[in-house]
Amino acid sequence: MKDYLVIVESPAKAKTIERYLGKKYEVKASMGHVRDLPKSQMGVDEKDNFKPKYITIRGKGDVLKDLRKSAKKAKKIFLAADPDREGEAIAWHLAHILNVDETSECRVVFNEITKDAIKESFKHPRTIDIDLVDAQQARRVLDRLVGYNISPLLWKKVKKGLSAGRVQSVAMKLIIDREREIENFKPEEYWTIEAEFLKDETVFEGSFYGINGKKEELKSEKDVNVILNKLGDKFEIDKVTKRERKRNPAQAFITSSLQQEAARKLNFRARKTMMVAQQLYEGIDLGRKAGGITGLITYMRTDSTRISDTAKKEAVDYIVENYGEEYLGHSKPKKAKEGAQDAHEAIRPTSILRDPKSLKEILSRDQLRLYKLIWERFLASQMAPAVMDTMTVHLLNNDVEFRATGSKIKFKGFMKVYIEGTDDNKKVEDKLLPELDEAMEVKSKEISPNQHFTQPPPRYTEARLVKTMEELGIGRPSTYAPTLDTIQRRGYVTLDNKRFMPTELGTIVNEIMEEFFPEIIDVEFTVKMEGDLDSIEEGENNWVNIIDEFYQGFHKRLEKAEQEMEKIEIKDEPAGIDCENCGHEMVYKMGRYGKFLACSNFPDCRNTKPILKEIGVKCPKCKDGNVVERKSKKRRTFYGCDNFPDCDFVSWDKPIARPCPKCDSLLVEKKNKKGAQVACTNCDYKEEVQS
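Each residue of the sequence shown is one higher than the one before, counting from 0 in numbering that gives the first Met the number 0.
A couple of the hints might just be wrong.
[Said to hold, decoys possible] Below, in silico cross-link-like pairs of lysine to any residue (SDA-like), each with a Cα-Cα straight-line distance of 20 Å or less:
{"#": "1", "residue 1": "Lys-74", "residue 2": "Asp-100"}
{"#": "2", "residue 1": "Lys-653", "residue 2": "Asp-623"}
{"#": "3", "residue 1": "Lys-371", "residue 2": "Val-315"}
{"#": "4", "residue 1": "Lys-653", "residue 2": "Gln-676"}
{"#": "5", "residue 1": "Lys-669", "residue 2": "Pro-619"}
{"#": "6", "residue 1": "Lys-52", "residue 2": "Gly-42"}
{"#": "7", "residue 1": "Lys-50", "residue 2": "Lys-72"}
{"#": "8", "residue 1": "Lys-245", "residue 2": "Gly-160"}
{"#": "9", "residue 1": "Lys-233", "residue 2": "Glu-187"}
{"#": "10", "residue 1": "Lys-312", "residue 2": "Ala-116"}
{"#": "11", "residue 1": "Lys-27", "residue 2": "Glu-101"}
{"#": "12", "residue 1": "Lys-52", "residue 2": "Lys-156"}
{"#": "13", "residue 1": "Lys-214", "residue 2": "Val-526"}
{"#": "14", "residue 1": "Lys-22", "residue 2": "Lys-74"}
{"#": "15", "residue 1": "Lys-68", "residue 2": "His-95"}
{"#": "16", "residue 1": "Lys-221", "residue 2": "Glu-503"}
{"#": "17", "residue 1": "Lys-409", "residue 2": "Leu-395"}
{"#": "18", "residue 1": "Lys-630", "residue 2": "Asp-641"}
{"#": "19", "residue 1": "Lys-229", "residue 2": "Ser-206"}
{"#": "20", "residue 1": "Lys-608", "residue 2": "His-583"}
{"#": "21", "residue 1": "Lys-156", "residue 2": "Gln-676"}
{"#": "22", "residue 1": "Lys-74", "residue 2": "Asp-142"}
{"#": "23", "residue 1": "Lys-52", "residue 2": "Ile-129"}
{"#": "24", "residue 1": "Lys-159", "residue 2": "Asp-429"}
{"#": "25", "residue 1": "Lys-594", "residue 2": "Gly-160"}
{"#": "26", "residue 1": "Lys-38", "residue 2": "Ile-129"}
[Stated by the list, open to error] Quick list of the computed label-pair ranges, beta carbon to beta carbon:
{"#": "27", "residue 1": "Thr-191", "residue 2": "Gly-575", "range": "43 to 51 Å"}
{"#": "28", "residue 1": "Pro-51", "residue 2": "Gly-323", "range": "53 to 61 Å"}
{"#": "29", "residue 1": "Glu-565", "residue 2": "Glu-523", "range": "46 to 54 Å"}
{"#": "30", "residue 1": "Glu-513", "residue 2": "Leu-197", "range": "57 to 65 Å"}
{"#": "31", "residue 1": "Glu-513", "residue 2": "Lys-46", "range": "27 to 35 Å"}
{"#": "32", "residue 1": "Thr-126", "residue 2": "Gln-277", "range": "22 to 30 Å"}
{"#": "33", "residue 1": "Thr-126", "residue 2": "Arg-67", "range": "45 to 53 Å"}
{"#": "34", "residue 1": "Gly-21", "residue 2": "Glu-518", "range": "52 to 60 Å"}
{"#": "35", "residue 1": "Asn-183", "residue 2": "Asp-647", "range": "50 to 58 Å"}
{"#": "36", "residue 1": "Asn-183", "residue 2": "Glu-360", "range": "52 to 60 Å"}
{"#": "37", "residue 1": "Gly-290", "residue 2": "Lys-620", "range": "37 to 45 Å"}
{"#": "38", "residue 1": "Glu-518", "residue 2": "Arg-287", "range": "54 to 62 Å"}
{"#": "39", "residue 1": "Lys-617", "residue 2": "Gly-575", "range": "40 to 48 Å"}
Since the hints were made in silico from the structure, they are not lab data. Every residue, glycine too, gets a C-beta built ideally from N, C-alpha and C.
All chains, please: the whole structure from these sequences, using the hints.
Right, here's the structure in full:
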């Protein structure tokens, strides 16, 4: 019989921790939450201080039966769920179910699943943090009050199956507001003048800056011609500025920065990033000699950039041994951003000594790529800044000033290991200028005026949206991925070329929310509510008071919406074609993912069709049909023949409306991180797509 029962969330963790703790400990998994609010009813009593009604989650009966059986035999029970609000709530629910005194030292938390961390955490058990529990409970009750009150209203007034959530509605509004910005955007003309200069045999580039030392904007061709008419072919170097510039490394990952960088560098969706990170955190079997199942990274839901002294020392030793003392960073840690919970560390490897190369044969491809990203980012964060030699040259011609800039990496520092990604995929490269001195004269080889137009703001990618939500203070590390997943599952937004676009359904729901529940989708209100939830966690506020303050205004708006919201009828539009099954007219209907074609003779005829978008290419297989854009079950775009099922031509890559000049076969447009490329499906012909 075991003396101690330890309850964690997942079976993977249970096996690892049981091995670390030894024979006296039995470790069981609760498989996440065991109790929750009922799905079939509100589950919150608005008249009795918003008292939640918790029930056992369906399917958890056998798990609880097994836990109760083990609990009866154990001398002491330790609750070791994840070290965050959600984990604290799971521990609290388990304490209630298993009759564990929540004021006893029954709670154990650890930031990493390694032998030393686990053994140390069990030396310092604590009581359940009721403030943390209340903060989670407040969020859950708040979201339930919003969702279960507004959703039935949307069913009644708009369409069955619709729903509205608190954080999701704000995320959806950000996407819709951006779409409005794009639709209302008016491009403005502007010009640049680029020049190539010749110094001896060396060519270097510069750009127009201004006149008489004052920066000038060129808004039309007329402005450009005024400048060009002033220029001769000889330029005098008026000033040369050389300086040394330092570039500091990025800090170790937090949840949002990990999701953003994994999207940029690995092409991972937020949900996939968190799923793979969870696997690395919970433990990977490294083999008996290497220690068996071991957690490879620290806890992945965090907004703190703090690093433990032990991890810092290990990184220092590794850097000195592998790169030399000159690569060692001495920067002071930055303060945590306002609102960060700082409950645990940044995301880092549990041991810097486990380099990615040593794990190549053990980890899956996705696990290795994400681990490598985390390992390199952490190591780089502890390294010295990169040093750049920069040079700026001011060139004059009849009071017209051009400027040329160059830079050279003098000392790589952290860049020897890792360089943070950017949304525009710009690389850090040497841009060298020849040796130039003041009063020297150079000739212009070519002067090129270029017309441009300002571009609308880009649609949100998952990475950009996570970054925006974090900057605004919407949601918390654990909510980003589920929020993005939810608004897609509800059919309020779609991903087109990895960028969010609102659907017609999403726009309708957003307009209703704007009119009747403006505070729910107001960014400032949502940020304040996150602050209030944090204040509950800090013990500064009572959760019932916070919910009550919100509910008073919300309830009034709810009553007003019930009375004043008109029923919105989404009418079927005639499609102008007949149903091939029964001859009745086909109509456009609104579905979960937007409009589709359906027979007007429903329910007698259930014929439906997707709305196909032609791309102007004839089918290369049957030569008779047209290639159209389609969507897979997972909403991924692919291309097929409109004669399907008679013709089965399909392609993930977009076909091009011209044959290969080399072998006359089908050309397709392939997309990758660097952009797009046209390639032949039969031979090795390729061409770059000009952006």
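ask   = Straight-line Cα separation of Lys-52 and Gly-42 no greater than 20 Å?
value = Cα-Cα ~5 Å, so holds.
Outcome for the supplied range 37 to 45 Å, where the beta carbon pair is Gly-290 and Lys-620 = The hint (37 to 45 Å, Cβ to Cβ) is violated, given that Gly-290 and Lys-620 are roughly 55 Å apart.
ask   = Taken at face value, is the distance from the CA of Asp-100 to the CA of Lys-74 at most 20 Å?
value = 13 Å, holds
inquiry  = Check the hint pairing Lys-74 with Asp-142 against an upper bound of 20 Å on the C-alpha distance.
reply    = Violated, because 38 Å separates the two Cα atoms, which is more than 20 Å.
inquiry  = Run the distance test for Lys-653 versus Asp-623: straight-line Cα separation, threshold 20 Å.
reply    = Satisfied, since the Cα-Cα distance of roughly 18 Å is no more than 20 Å.
message = Tell me if the straight-line CA distance from Lys-669 to Pro-619 falls inside 20 Å.
response = 17 Å, holds
ask   = Do the beta carbons of Thr-191 and Gly-575 sit within 43 to 51 Å of each other?
value = 48 Å, holds
Range hint 57 to 65 Å (beta carbons of Glu-513 and Leu-197) holds or violated = 59 Å, holds
ask   = In this structure, is the beta-carbon distance linking Glu-518 and Arg-287 contained in 54 to 62 Å?
value = 58 Å, holds
inquiry  = Would the hint linking Lys-50 and Lys-72 be met if the CA-CA limit is 20 Å?
reply    = 33 Å, violated
ask   = Is the hinted pair Lys-159 and Asp-429 satisfied, with a Cα-Cα distance of at most 20 Å?
value = Distance ~59 Å between Lys-159 and Asp-429 Cα, so the pair is violated.
20 Å Cα cutoff - pair Lys-608, His-583 = Holds, at about 14 Å.
This entry does not satisfy hints 7, 8, 9, 12, 13, 16, 17, 21, 22, 24, 26, 29, 33, 35, 37 and 39, going by the numbered hints stated previously.
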